[in-house]
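Chemist: Residue-level listing of the chains:
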Amino acid sequence: MMDALFDPQTLFIIIAGAVATYLTRVGGYVLMVRMKTIPPRVEAGLNAVPVAVLTTLVAPAFFEGGYEVKLAMVFALVIGLRFPGLIMLISGWALVVAMRYFSIA
Amino acid sequence: MSVSTFQSGVKRGLPVTLSVIPFGALFGAVAIDNGLTIAEAVLMSGTLYAGASQLVGIELFNQNLPAWLVILSIFAVNFRHVLYSAAMVRVVPDWSVAKKAVGFFFMVDPQFAEAVREKEMRGKVGFAWYMGYALIVYTGWMISTVAGASLGNLIGDPKAAGFDVLLPVYFMGMVMGFRKRGNFYPVMLASAIGAIAAFHFVGSPWHVSIGAMTGILLAVILPPARPETEVTEASGEHA
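Protein chains in written order, with numbering that gives the first Met the number 0: chain A, 0 to 104; chain B, 0 to 238.
There could be a bad hint or two in this list.
[What the hints assert, rightly or not] Reference listing, derived: stretches of chain A covered by chain B, where coverage requires no fewer than 3 residues with Cβ under 8 Å from a Cβ of chain B:
#: 1; region: 22-29
#: 2; region: 33-45
#: 3; region: 60-68
#: 4; region: 75-85
#: 5; region: 92-101
Think of the hints as simulated: they come from the structure by calculation, not from any bench. Cβ coordinates follow ideal geometry from the N, Cα and C atoms, glycine included.
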């Protein structure tokens, strides 16, 4: 199995997957520069991108997670209102580890 | 205000580097488990540099699917980047084509979000700062891929070590960084509802694109809010 560094079929999928991924990272830009001016409503939509996309990476984790995940995320949210990101991250992580260790959730 | 340096980009990237290391190791271990060689796992991390799609890809390698279907699935998971690159038109208008071509390769979720915040805080995103952030996260991703692929099952279950909450909490912090924006709450709620509904009725990974489009459409429909270039209260807190 390990006789070769790369299997030809796997190598092809990795390279094609890399090209497809790069296209997503430049594609939106290429589409936008074709527009001479950006209409205000398109601009409003673009401004909403970070909040809209990042929220979709958070919300299912909260709703699909167990009670310990929900509690840890609420706790981290409260910490994040006052403290920097790293402290928020460690707080949420520490709480979930503690709750699982002591089988609270 | 002066443009941020390469070093300050590296410093800003440290928390997310710590958060992605368990996932790089997880990817490396799962890749070997699914029959990839270490060289293939490293090549995949190095050229795709998109964790969720890499895990989806190797899950499909073993199922005798046609190659185009695996590639289409990778594209679907990464589709949100199209929105990022569209939004970057306003964030890095001063970069040359070559800088954009290189910089956009590294545009993972936190890289994009931090670039938008940097633009709002300083009015300009320096290429050196952006690459400092990119290189520390990329380095962490590559080292952890190699570690996971070499050590394999020593990594164990990421859930037992609480690693499964790292990225959701990190992304939640990024979302909170935008909370002073005029339409923050309507957009955030619309995306959350859209994502959760799509997660149940359509399934992953489509909940990301569908949820994001729900929030973006609401922002398009809503009357324009106050200027959105306000500096957030959390400025600099991510350092």
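Chemist: Taking 8 Å as the Cβ threshold, is the statement that the region 92-101 of chain A is covered by chain B upheld or broken by the three-residue rule?
Modeler: With 5 residues closer than 8 Å to chain B, the region 92-101 of chain A meets the three-residue bar; holds.
Chemist: In terms of beta carbon proximity below 8 Å, does the region 33-45 of chain A have 3 or more residues touching chain B?
Modeler: holds (count 8)
Chemist: Count residues of the region 60-68 of chain A with a Cβ under 8 Å from any Cβ of chain B, then say if the count reaches three.
Modeler: Answer holds; 6 residues pass the 8 Å Cβ test.
Chemist: Can the region 75-85 of chain A be counted as covered by chain B under the rule of three residues or more with Cβ-Cβ separation shorter than 8 Å?
Modeler: That given contact holds, which follows from 8 residues of the region 75-85 of chain A lying within Cβ reach (below 8 Å) of chain B.
Chemist: At least three residues with a C-beta closer than 8 Å to a C-beta of chain B: is that true for the region 22-29 of chain A?
Modeler: n = 8 at 8 Å, threshold three: holds.
Checked against the numbered hints listed earlier, the structure breaks none of them; every hint is satisfied.
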